[in-house]
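Trainee: Residue numbers (my numbering), protein chains in the order written: chain A, 1 to 241; chain B, 1 to 205; chain C, 1 to 218.
Hints in this document: simulated from the structure, not taken from any laboratory. There may be inaccurate statements among the hints.
One-sided excerpt, in silico: chain A residues whose CB lies under 10 Å from chain B [what the hints assert, rightly or not]:
hint : residue
1    : E5
2    : P21
3    : V29
4    : T30
5    : R82
6    : R83
7    : H84
8    : R126
9    : D150
10   : N179
11   : R222
12   : T225
13   : R228
14   : A237
With a cut-off of at most 20 Å between alpha-carbon atoms, the simulated SDA-like pairs for lysine to any residue come out as follows [as the list claims (entries may be wrong)]:
hint : chain 1 : residue 1 : chain 2 : residue 2
15   : C       : K6        : B       : A196
16   : C       : K6        : B       : D201
17   : B       : K136      : C       : P84
18   : A       : K10       : B       : D64
19   : C       : K6        : B       : E202
20   : A       : K11       : B       : V145
21   : C       : K6        : B       : G50
22   : A       : K11       : B       : D201
23   : B       : K153      : B       : L187
24   : B       : K122      : B       : G93
25   : C       : K6        : B       : H175
26   : C       : K6        : B       : M154
27   : C       : K6        : B       : Q78
28   : A       : K10       : B       : G179
29   : B       : K122      : C       : H72
30   : B       : K136      : C       : L85
31   : B       : K136      : B       : D111
32   : C       : K6        : B       : K153
33   : A       : K11       : B       : H175
34   : A       : K10       : B       : L205
35   : B       : K136      : B       : D161
36   : A       : K10       : B       : E186
37   : B       : K136      : C       : A81
38   : C       : K6        : C       : L116
39   : B       : K122      : C       : D74
40   : B       : K122      : B       : M154
Beta carbons: idealized from backbone N, C-alpha and C, even for Gly.
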Amino acid sequence: MSIWEYANPKKFMATTAPVLPWVMWGAGVTLVVGLVWGFFFTPDDYRQGSTVKIFYLHVPAAMMAINIWVMMLVTSLVWLIRRHHVSALAAKAAGPIGIVMTLIALFTGAVWGQPIWGTWWVWDPRLTSFLILFLFYLGYMALWTAIEDDDTAADLTSVLCIVGSVFAVLSRYAVNFWNQGLHQGASLSLDAEENVADVFWYPALVCIAGFILLFVGLVILRTHTEIRLRRARALEARMRA
Amino acid sequence: MSLHVKDLGVARGGRPVLEGVSFDCAPGEALILRGPNGIGKTTLLRTLAGLQPALAGEVAFPEDSGAYASHADGIKSQLSVTENLAFWAEVHGGQLADNVLEDFDLVDLRDRLAGTLSAGQKRRLGLARLGVIGRKVLFLDEPTVSLDGFSVKMFADWLRDTHLGQGGIAVIATHIDLGLDAPVLELTPYKAAQDAAGGSDEAFL
Amino acid sequence: MIALLKRDLALAVRAGGGFGLGLAFFLIVIVLVPFGVGPQSELLSRIAPGILWVAALLAALLSLDRIFALDHEDGSLPLLATSPLPLEAVALVKGVAHWITTGLPLTLAAPALGFLLNLETGAYAFLLITLLIGTPALSMIGTFGAALTVGLRRGGLLLSLLVLPLYIPTLIFGAEAVRRGADGFSAANALVLQGGITLGVFAFLPFATAAALRVNLR
Numbered sequence: 001m002s003i004w005e006y007a008n009p010k011k012f013m014a015t016t017a018p019v020l021p022w023v024m025w026g027a028g029v030t031l032v033v034g035l036v037w038g039f040f041f042t043p044d045d046y047r048q049g050s051t052v053k054i055f056y057l058h059v060p061a062a063m064m065a066i067n068i069w070v071m072m073l074v075t076s077l078v079w080l081i082r083r084h085h086v087s088a089l090a091a092k093a094a095g096p097i098g099i100v101m102t103l104i105a106l107f108t109g110a111v112w113g114q115p116i117w118g119t120w121w122v123w124d125p126r127l128t129s130f131l132i133l134f135l136f137y138l139g140y141m142a143l144w145t146a147i148e149d150d151d152t153a154a155d156l157t158s159v160l161c162i163v164g165s166v167f168a169v170l171s172r173y174a175v176n177f178w179n180q181g182l183h184q185g186a187s188l189s190l191d192a193e194e195n196v197a198d199v200f201w202y203p204a205l206v207c208i209a210g211f212i213l214l215f216v217g218l219v220i221l222r223t224h225t226e227i228r229l230r231r232a233r234a235l236e237a238r239m240r241a
Numbered sequence: 001m002s003l004h005v006k007d008l009g010v011a012r013g014g015r016p017v018l019e020g021v022s023f024d025c026a027p028g029e030a031l032i033l034r035g036p037n038g039i040g041k042t043t044l045l046r047t048l049a050g051l052q053p054a055l056a057g058e059v060a061f062p063e064d065s066g067a068y069a070s071h072a073d074g075i076k077s078q079l080s081v082t083e084n085l086a087f088w089a090e091v092h093g094g095q096l097a098d099n100v101l102e103d104f105d106l107v108d109l110r111d112r113l114a115g116t117l118s119a120g121q122k123r124r125l126g127l128a129r130l131g132v133i134g135r136k137v138l139f140l141d142e143p144t145v146s147l148d149g150f151s152v153k154m155f156a157d158w159l160r161d162t163h164l165g166q167g168g169i170a171v172i173a174t175h176i177d178l179g180l181d182a183p184v185l186e187l188t189p190y191k192a193a194q195d196a197a198g199g200s201d202e203a204f205l
Numbered sequence: 001m002i003a004l005l006k007r008d009l010a011l012a013v014r015a016g017g018g019f020g021l022g023l024a025f026f027l028i029v030i031v032l033v034p035f036g037v038g039p040q041s042e043l044l045s046r047i048a049p050g051i052l053w054v055a056a057l058l059a060a061l062l063s064l065d066r067i068f069a070l071d072h073e074d075g076s077l078p079l080l081a082t083s084p085l086p087l088e089a090v091a092l093v094k095g096v097a098h099w100i101t102t103g104l105p106l107t108l109a110a111p112a113l114g115f116l117l118n119l120e121t122g123a124y125a126f127l128l129i130t131l132l133i134g135t136p137a138l139s140m141i142g143t144f145g146a147a148l149t150v151g152l153r154r155g156g157l158l159l160s161l162l163v164l165p166l167y168i169p170t171l172i173f174g175a176e177a178v179r180r181g182a183d184g185f186s187a188a189n190a191l192v193l194q195g196g197i198t199l200g201v202f203a204f205l206p207f208a209t210a211a212a213l214r215v216n217l218r
């Protein structure tokens, strides 16, 4: 019994299908709890007022935007090394979710920044990095759609994902070098000096958990769709032959 | 120096087209591949040459001795006939010998730009490439397309006397009779079954 | 490898336009900028380093899709793949050939175009040096992008979308070094980092390029 057994599309579908509704419901409940708690049952920030509460959307979305790319990197490597179709299709399925998370992070960031910095957009390193990440997602997804043969597309997007990851990290540091920026430091860290008080911290954790569950649910759902598409195409090809 | 092929399975576009192909070629032997369009002759030759992975089975011939040639023969129209050949010779670590130009009747055309050659002349230039790269195991995909009868005979002579005569091997997919004394392998019996294993979409069925 | 490099250079010279088009595009972009932002010398001189770098980058982008497309069309690519030359070497040579036919002329032309934008006197040396260090990276990254899109019928636009984000670090360090030079600061950091990127790109991308070519040859 090895974990790779679940890389078989049929086995993957059979195993994840019963779990999927639970994950989706879990995500819904967690998000509602977290957001309601965060929006209505936490005090306003003494400096930033109620605008600070957009943080419950902004921070989880930004974390997911980066982590989804990392997940795509891992699944791409698994595809290149072990040739498990589910892995490649999961990477493909995660792309659009990642780009939406990046957009949410950029949009909520703009809404948050406007009253505080007095402008919707500044070329701050963190904002710029997310814009660059957005471009990387865009290129990755465009390559998937441009190539007709499924396995060729999986191979080439995986290579692009690996090379892109290196350049994304390079860009992150290059951008730091280019402009020191006015974005506040990391909102959540495990250092002794927490920069967010516990009252904000617990609902934020709930929101992050909700976003993670939502992502897992969506990725399973979209991977199912991709597997069914491949299956439909495979059956069609056999029929024609 | 010999070519062994055992239980070879090949796929086109991720779907198996041929399976269980086996044959052997000793030095100086050629093999003619026959079969209807779409049976997988080109796919088989590309797999033999190592351009695409085999689904199953094994292909064995000495390393760095195979060469592939198809209708697209890598001729640059802005380079002259000798420049084209000298390039391929140099990439393969050799030099352009004059007798190759004679063998393929290119002596009078040697300084012409390849772009100004006729289709048949270009084809001869493409085939002459096989004479300069010094490879012993040739995988030829319809080598005589757009050649006239005289040129076909010239190519067949080169293949028999120069290439095979010096211990070379050739696997040729062709529809016309080259006049070679070579066995013919009919590919139809090797056609992959409808539900053949190994396709890239197999996991989804 | 030398044979392939010589052939690619000969083809670029004989096909004509290889050198010329990129340079002409570079010139036109630089000429258009003052029409867009206004003719004040002060403003132009301040934005000159960035404009020169962006324009050079776009000019280098123009010819990328031809790196492998011609060899793909006439069947040279599978023949090269079965030759004793490893595909990694082919990728490297293609990148170098693209640099010699595009990056090098752009680098040499850049100072002349700097005059048009009133570039600070102190910045010319830095412009030349950063382009000399940076354009090889642009060519090699572009070669990687070209290998990804070689099998596609209309890969040109997609190629730009894939390659431009990868150009960001090189652009940042290049333009930053020229700007610091223009302002009389030390540009050593930016130059070293840019050189590091170029070396890294030449060390690793030939392998990624060859992998992409192998997939596309299947």
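Trainee: Confirm or reject each hint.
Mentor: Right, here's what the structure says about each hint:
Taking 10 Å as the C-beta cut-off, the interface hint given for E5/A is violated, the closest approach to chain B being about 12 Å. Restraint check, P21/A versus chain B: the minimum CB separation of about 24 Å is more than 10 Å; hint violated. The beta carbon of V29/A comes no nearer than 34 Å to any beta carbon in chain B, farther than 10 Å, and the hint placing it at the interface is violated. Proximity of T30/A to chain B is violated relative to the hint, the smallest CB-CB distance being about 33 Å (cut-off 10 Å).
Checking R82/A against chain B by beta carbon gives a least distance of about 12 Å; that is not within 10 Å, so the hint is violated. Residue-level restraint check for R83/A holds (minimum Cβ-Cβ distance to chain B is 9 Å; threshold 10 Å). Interface hint at H84/A: satisfied, since its Cβ lies 8 Å from the closest Cβ of chain B, which is below the 10 Å cut-off. For R126/A, the suggested interface contact is broken, since its CB lies about 41 Å from the closest CB of chain B, more than 10 Å.
With its C-beta approaching chain B no nearer than about 7 Å, D150/A sits inside the 10 Å limit, and its interface hint holds. The interface hint given for N179/A is violated, since its Cβ lies 46 Å from the closest Cβ of chain B, which is over the 10 Å cut-off. Hint status for R222/A relative to chain B: violated, with the closest Cβ pair at about 16 Å, above 10 Å. Given hint, T225/A at the interface with chain B, is violated; its Cβ is 13 Å from that chain's nearest Cβ, farther than 10 Å.
Interface restraint check: R228/A against chain B, minimum CB-CB distance 9 Å, threshold 10 Å, status holds. The interface hint given for A237/A holds, since its Cβ lies 6 Å from the closest Cβ of chain B, which is under the 10 Å cut-off. Simply put, K6/C and A196/B have alpha-carbon atoms about 47 Å apart, too far for the 20 Å limit, and the pair is violated. About 43 Å separates the Cα atoms of K6/C and D201/B, which puts this hinted pair outside 20 Å; it is violated.
Distance hint between K136/B and P84/C is fulfilled; the C-alpha atoms sit about 13 Å from each other, no more than 20 Å. With a C-alpha separation of about 42 Å, the suggested pair K10/A and D64/B falls outside the 20 Å cut-off, and the hint is violated. The suggested pairing of K6/C with E202/B is violated, with an alpha-carbon distance near 45 Å, which exceeds 20 Å. Annotation: proposed proximity of K11/A to V145/B is violated, straight-line Cα distance about 49 Å (limit 20 Å).
Using a Cα cut-off of 20 Å, the hinted pair K6/C and G50/B is violated, with the two alpha carbons roughly 27 Å apart. Between K11/A and D201/B the alpha-carbon distance is near 15 Å, which keeps this suggested pair within the 20 Å criterion. With a C-alpha separation of about 25 Å, the suggested pairing of K153/B with L187/B is violated against the 20 Å cut-off. Our distance criterion of 20 Å between C-alpha atoms is broken by K122/B and G93/B, whose separation comes to about 23 Å.
Distance restraint check for K6/C and H175/B: the Cα-Cα separation of roughly 38 Å exceeds the 20 Å cut-off, and the hinted pair is therefore not satisfied. Between K6/C and M154/B, the direct Cα distance comes to roughly 32 Å. Violation of the 20 Å bound is thereby established for this hinted pair. Simply put, K6/C and Q78/B have alpha-carbon atoms about 13 Å apart, close enough for the 20 Å limit, and the pair holds. Under the criterion of a C-alpha separation no larger than 20 Å, the hint pairing K10/A with G179/B is inconsistent with the structure, at around 53 Å.
The straight-line distance between the Cα atoms of K122/B and H72/C is roughly 18 Å, inside the 20 Å bound, and the hint therefore holds. With a C-alpha separation of about 17 Å, the suggested pair K136/B and L85/C falls inside the 20 Å cut-off, and the hint holds. Taken as a hint, the K136/B and D111/B pair is broken in the structure, with Cα atoms around 28 Å apart against an allowance of 20 Å. Taking the CA atoms of K6/C and K153/B, the gap is about 35 Å. The hint is violated against a cut of 20 Å.
With a C-alpha separation of about 47 Å, the suggested pairing of K11/A with H175/B is violated against the 20 Å cut-off. A hinted pair counts as satisfied when its Cα atoms are at most 20 Å apart, and K10/A with L205/B qualifies at roughly 9 Å. Distance hint between K136/B and D161/B is fulfilled; the C-alpha atoms sit about 14 Å from each other, no more than 20 Å. For the hint pairing K10/A with E186/B, the CA-to-CA distance comes to about 38 Å; that exceeds 20 Å, so the pair is violated.
At roughly 17 Å between alpha-carbon atoms, K136/B and A81/C fall within 20 Å of each other, so this suggested pair holds. Distance check on the hinted pair: K6/C and L116/C sit about 35 Å apart at the alpha-carbon level, beyond 20 Å; violated. Of the pairs offered as hints, the one joining K122/B and D74/C holds, with about 12 Å between alpha carbons and a cut-off of 20 Å not exceeded. Restraint check: the Cα-Cα separation between K122/B and M154/B comes to about 15 Å, which is no more than 20 Å; the hinted pair holds.
When the structure is compared with the earlier hints, violations turn up for hints 1, 2, 3, 4, 5, 8, 10, 11, 12, 15, 16, 18, 19, 20, 21, 23, 24, 25, 26, 28, 31, 32, 33, 36 and 38 and for no others.
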